[in-house]
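In the order they appear, the protein sequences are chains D and L.
Residue numbering for the first sequence follows this note's numbering, beginning at 81 and increasing consecutively.
Residue numbering for the second sequence follows this note's numbering, beginning at 5 and increasing consecutively.
If you're looking for bench data, these hints aren't it; they were derived computationally from the structure.
As the structure is a computational prediction, the values presented were derived from the model and not from experiment.
Glycine is no exception: its CB is placed at the ideal position from the N, C-alpha and C atoms.
Keep in mind that the hints are not guaranteed to be accurate.
[Claimed, not checked] Here are some, though not all, of the chain D residues that point toward chain L, as calculated from beta-carbon distances under 10 Å:
| hint | residue |
| --- | --- |
| 1 | G117 |
| 2 | G142 |
| 3 | L165 |
| 4 | A167 |
| 5 | S190 |
| 6 | K194 |
| 7 | S225 |
| 8 | A230 |
| 9 | K232 |
| 10 | L235 |
| 11 | G242 |
| 12 | H270 |
| 13 | V271 |
| 14 | E273 |
| 15 | T295 |
| 16 | M296 |
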Amino acid sequence: MLKIENLTKRYGEKSAVDNVTLHIRAGEIYGFIGHNGAGKTTTLKACCGILQFEEGEIFIDGASVRKEPLVCKQKIAYIPDNPDLYAFMTGIQYLNFVADVFKVPSAERSARIKKYADAFELTFALAQPISTYSHGMKQKLAVISAWIHAPKLILMDEPFVGLDPKAAHTLKEMMREVCDNGGAIFFSTHVLEVAEKLCDKVAIIKDGKLIKEGTMDEVKGDSTLENVFLELVETPSDVAKE
Amino acid sequence: MLKTLLKKELLAILAFFTIGKNGKRRSAGVMAGFALLMLYAFGAMVFMFWEMSKMLCAPLVTTGQAWIYFSVMGLMATSLGVIGGIFMAKSKLYEAKDNDLLLSMPISAWKLLAVRTIGLYAFTFVFEGLVFLPAVVQYFTVVGAQWQAVIGCVVVTLLMPFLALAVCCLLGFVMAWMLGKLPYKNLFAILGFLAFMIVYFLLYSKIYDALNYVIINGEAVGAMMQTALFPFAQLGKAAIGNGVSLLWFLLVFVGAFAVVYGLLSVTYLRIVTAKKGERYAKYKATEHKVSSPRKTLLKREFLRLFKSPGYFLNASMGTFMTLLVVIMAVIQGDVFGMTAETLQTSGFIKIASMILPLALCFLASSNTLTAVSVSLEGETLWQLRSLPVKTQDVLNAKLLLHFIMTAVPVALCGCGMGIVLKLAWYHVVFAVLTGILASAFFAEMGLMINLKFPNLHWTNEMVAVKQSLSAVFAMFGGWGVSLLPLGGYFLFGKYMPAWGYVALWLGIFALATTVLWLCIKKWGTLLFESLS
Numbered sequence: 081m082l083k084i085e086n087l088t089k090r091y092g093e094k095s096a097v098d099n100v101t102l103h104i105r106a107g108e109i110y111g112f113i114g115h116n117g118a119g120k121t122t123t124l125k126a127c128c129g130i131l132q133f134e135e136g137e138i139f140i141d142g143a144s145v146r147k148e149p150l151v152c153k154q155k156i157a158y159i160p161d162n163p164d165l166y167a168f169m170t171g172i173q174y175l176n177f178v179a180d181v182f183k184v185p186s187a188e189r190s191a192r193i194k195k196y197a198d199a200f201e202l203t204f205a206l207a208q209p210i211s212t213y214s215h216g217m218k219q220k221l222a223v224i225s226a227w228i229h230a231p232k233l234i235l236m237d238e239p240f241v242g243l244d245p246k247a248a249h250t251l252k253e254m255m256r257e258v259c260d261n262g263g264a265i266f267f268s269t270h271v272l273e274v275a276e277k278l279c280d281k282v283a284i285i286k287d288g289k290l291i292k293e294g295t296m297d298e299v300k301g302d303s304t305l306e307n308v309f310l311e312l313v314e315t316p317s318d319v320a321k322e
Numbered sequence: 005m006l007k008t009l010l011k012k013e014l015l016a017i018l019a020f021f022t023i024g025k026n027g028k029r030r031s032a033g034v035m036a037g038f039a040l041l042m043l044y045a046f047g048a049m050v051f052m053f054w055e056m057s058k059m060l061c062a063p064l065v066t067t068g069q070a071w072i073y074f075s076v077m078g079l080m081a082t083s084l085g086v087i088g089g090i091f092m093a094k095s096k097l098y099e100a101k102d103n104d105l106l107l108s109m110p111i112s113a114w115k116l117l118a119v120r121t122i123g124l125y126a127f128t129f130v131f132e133g134l135v136f137l138p139a140v141v142q143y144f145t146v147v148g149a150q151w152q153a154v155i156g157c158v159v160v161t162l163l164m165p166f167l168a169l170a171v172c173c174l175l176g177f178v179m180a181w182m183l184g185k186l187p188y189k190n191l192f193a194i195l196g197f198l199a200f201m202i203v204y205f206l207l208y209s210k211i212y213d214a215l216n217y218v219i220i221n222g223e224a225v226g227a228m229m230q231t232a233l234f235p236f237a238q239l240g241k242a243a244i245g246n247g248v249s250l251l252w253f254l255l256v257f258v259g260a261f262a263v264v265y266g267l268l269s270v271t272y273l274r275i276v277t278a279k280k281g282e283r284y285a286k287y288k289a290t291e292h293k294v295s296s297p298r299k300t301l302l303k304r305e306f307l308r309l310f311k312s313p314g315y316f317l318n319a320s321m322g323t324f325m326t327l328l329v330v331i332m333a334v335i336q337g338d339v340f341g342m343t344a345e346t347l348q349t350s351g352f353i354k355i356a357s358m359i360l361p362l363a364l365c366f367l368a369s370s371n372t373l374t375a376v377s378v379s380l381e382g383e384t385l386w387q388l389r390s391l392p393v394k395t396q397d398v399l400n401a402k403l404l405l406h407f408i409m410t411a412v413p414v415a416l417c418g419c420g421m422g423i424v425l426k427l428a429w430y431h432v433v434f435a436v437l438t439g440i441l442a443s444a445f446f447a448e449m450g451l452m453i454n455l456k457f458p459n460l461h462w463t464n465e466m467v468a469v470k471q472s473l474s475a476v477f478a479m480f481g482g483w484g485v486s487l488l489p490l491g492g493y494f495l496f497g498k499y500m501p502a503w504g505y506v507a508l509w510l511g512i513f514a515l516a517t518t519v520l521w522l523c524i525k526k527w528g529t530l531l532f533e534s535l536s
């Protein structure tokens, strides 16, 4: 579903992502783990075509992000770490805007809006301007908008930040549902426990370099990564937050 | 406590002059420019009211009606004080951003109210002073110094703002309360502003007629003042030194404020801590209307425009000016008609037929919608970039918004003015076509400038709208371009037939619009895609 081949992105002299290669198959929830500034967001942005990169290639369902960006974007959804949504729209206007861009038929969008807005208990606020939403409500709306066109691949940057425990649980169920239906999810997190419980596979990135990938057991079984894990271990309060 | 709060108020005033909206300290050059701008604005207003005082003072003083002079000027000063102070009262007294902070501290509500009212008094005093101080100086220039009048004028000048202050406190409360309840507050804000501008221009156009009426019908105006505008009649008499009227003046002006302040001081805490009656729109699931991606991108642009009064009012100045010209043409069509006849009979018909396309170009150049539309994407740019839409379609939506907002009123204005000026039909067609092409050209020009000089990292969208380099470049560049046909006329246009000269510019605009369109297609899309 997603093939990242030798991706390199530089900011001046510094390599934010250095020769990263990753393959994510349909049906997989793939966690991208790393501390702040490791290169997770840069990789995700490059995958969804909003950040140009110097070297390498990214393919989504066989299409090149660089050569066929619109074909790729039609198949994916992206949720950034801090979803700045259009404050001048109401929640429902925003969902309709995204649905129109993805050409989602009226009946399908109505059904999906009902399903996911009810699941996140956001239906009551859909007629309100986004400017009045809390961070968590914006995050929920961003998730609903990502799911509205039933994408094959969902890219998410720290998706659980700002969500209450119930909403986080709902999102995890939605993620599993996507993969059960043949889709794939690639998301970043700096919380090891989230990745451990949710992901089929994980990749660890440090200072722009991919240092290990595989199932959680494979990755955790690598004794050379002990220091990396120690850096990523969260305090109980941080875990509870997510 | 009061001293600390007053110090905070002074620091806030100082920060207004010294700290920019980005939170950084203004440079010395910017502060000097700001000071010059303020000086110019205040100077222009003082000059205007000085001229009005000059017109009114001597005729009324020589007929023994000096009090009417001060009454009229006092009325104007109080009106300006209310207009200037009402929005300040709304934001400063009832919607102050530091309410939560200050109210969580052990500060009495009356102290908070007192300090904020002092700030508001100073503000109202400045506004009223712009009118009344030139009037006082004018009076003493005509009659010379008289001690009763000096005392009267000093007391009146210092205490007159209290009436405006009382009105502002009340109306500010009503406005804050109403705007909290209104369903479409942005629309009301825009309509309110437009209504205010129209009333302002109408009043301004009639003010000298009104002053002439006062001079000619002094006695009748005086009698009317004594009954209908009693407080201002007493103000006028107090200013020239009448002791009894001074007491009446104090009773009405200071008394009104004392009553309002008394009422507010016992209810202030409840007012500012009350849950705002924000209208909560309830979502009802209905069938969703599907739009094409291109149409939905255009809808998004319109939604942003209509939901942001600041963006709408600043970037659509040309639209408002054009509509104002249309309204003026309807109201004062006879004046325009007379002008047209004068031009025709005096042999200047060639100029008349060229003024219209020139004016339409100028009006079209005053809109800066595309010049800020890229910057306005700000931190939400990721959305457009991650969606499966062509960059060209995104830019087209921005161009189309600008074009519709500019070309439609410009075409309407061209047709209307063509009829009023009694121009031949082909002159009107040429003028309207020039206006429409100029609208397209300026839309493209603004977009290219904004793509080259975007500001995506703002915290307040007004920074992108009002303080952006691209908006300034587009506005002044547009005016410069729209003046080119005028310069060209004196160089070579006068040797050509009027229709030929206009047709030439029509061709130039068509060519320039096509070239710019190709530039946007080739480089504009690349520039947009490289933004981050």
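Each hint tested on the structure:
1. Checking G117 (chain D) against chain L: minimum C-beta separation of about 17 Å lies over 10 Å; hint violated.
2. Violation of the interface hint for G142 (chain D) is found here, the shortest Cβ-Cβ separation to chain L being roughly 16 Å, above the 10 Å cut-off.
3. A distance limit of 10 Å between C-beta atoms decides the matter here; for L165 (chain D) the minimum to chain L is near 7 Å, and the interface restraint holds.
4. At a threshold of 10 Å, the smallest CB-CB gap from A167 (chain D) to chain L is about 8 Å, leaving the interface hint in force.
5. Checking S190 (chain D) against chain L by beta carbon gives a least distance of about 6 Å; that is within 10 Å, so the hint holds.
6. Satisfaction of the interface hint for K194 (chain D) is found here, the shortest Cβ-Cβ separation to chain L being roughly 6 Å, below the 10 Å cut-off.
7. Interface hint status for S225 (chain D): upheld, as the beta-carbon distance to the closest one in chain L is roughly 9 Å, under 10 Å.
8. The criterion of a C-beta within 10 Å of any C-beta in chain L is not met by A230 (chain D), whose closest approach is roughly 14 Å, and the hint is violated.
9. The beta carbon of K232 (chain D) comes no nearer than 13 Å to any beta carbon in chain L, farther than 10 Å, and the hint placing it at the interface is violated.
10. Checking L235 (chain D) against chain L by beta carbon gives a least distance of about 9 Å; that is within 10 Å, so the hint holds.
11. Interface restraint check: G242 (chain D) against chain L, minimum CB-CB distance 16 Å, threshold 10 Å, status violated.
12. For H270 (chain D), the interface hint is violated, the least distance from its beta-carbon to any beta-carbon of chain L being 20 Å, above 10 Å.
13. Because the smallest distance between the Cβ of V271 (chain D) and any Cβ of chain L comes to about 23 Å, over 10 Å, the interface hint for this residue is violated.
14. A cut of 10 Å between beta carbons decides the hint on E273 (chain D): the least distance to chain L is about 28 Å, and the hint is violated.
15. With a cut of 10 Å, the hint placing T295 (chain D) at the interface with chain L is violated, because the nearest CB-to-CB distance is about 29 Å.
16. Because the closest C-beta pair between M296 (chain D) and chain L is about 29 Å apart, greater than 10 Å, the hint is violated.
Checked against the numbered hints listed earlier, the structure breaks hints 1, 2, 8, 9, 11, 12, 13, 14, 15, 16; every other hint is satisfied.
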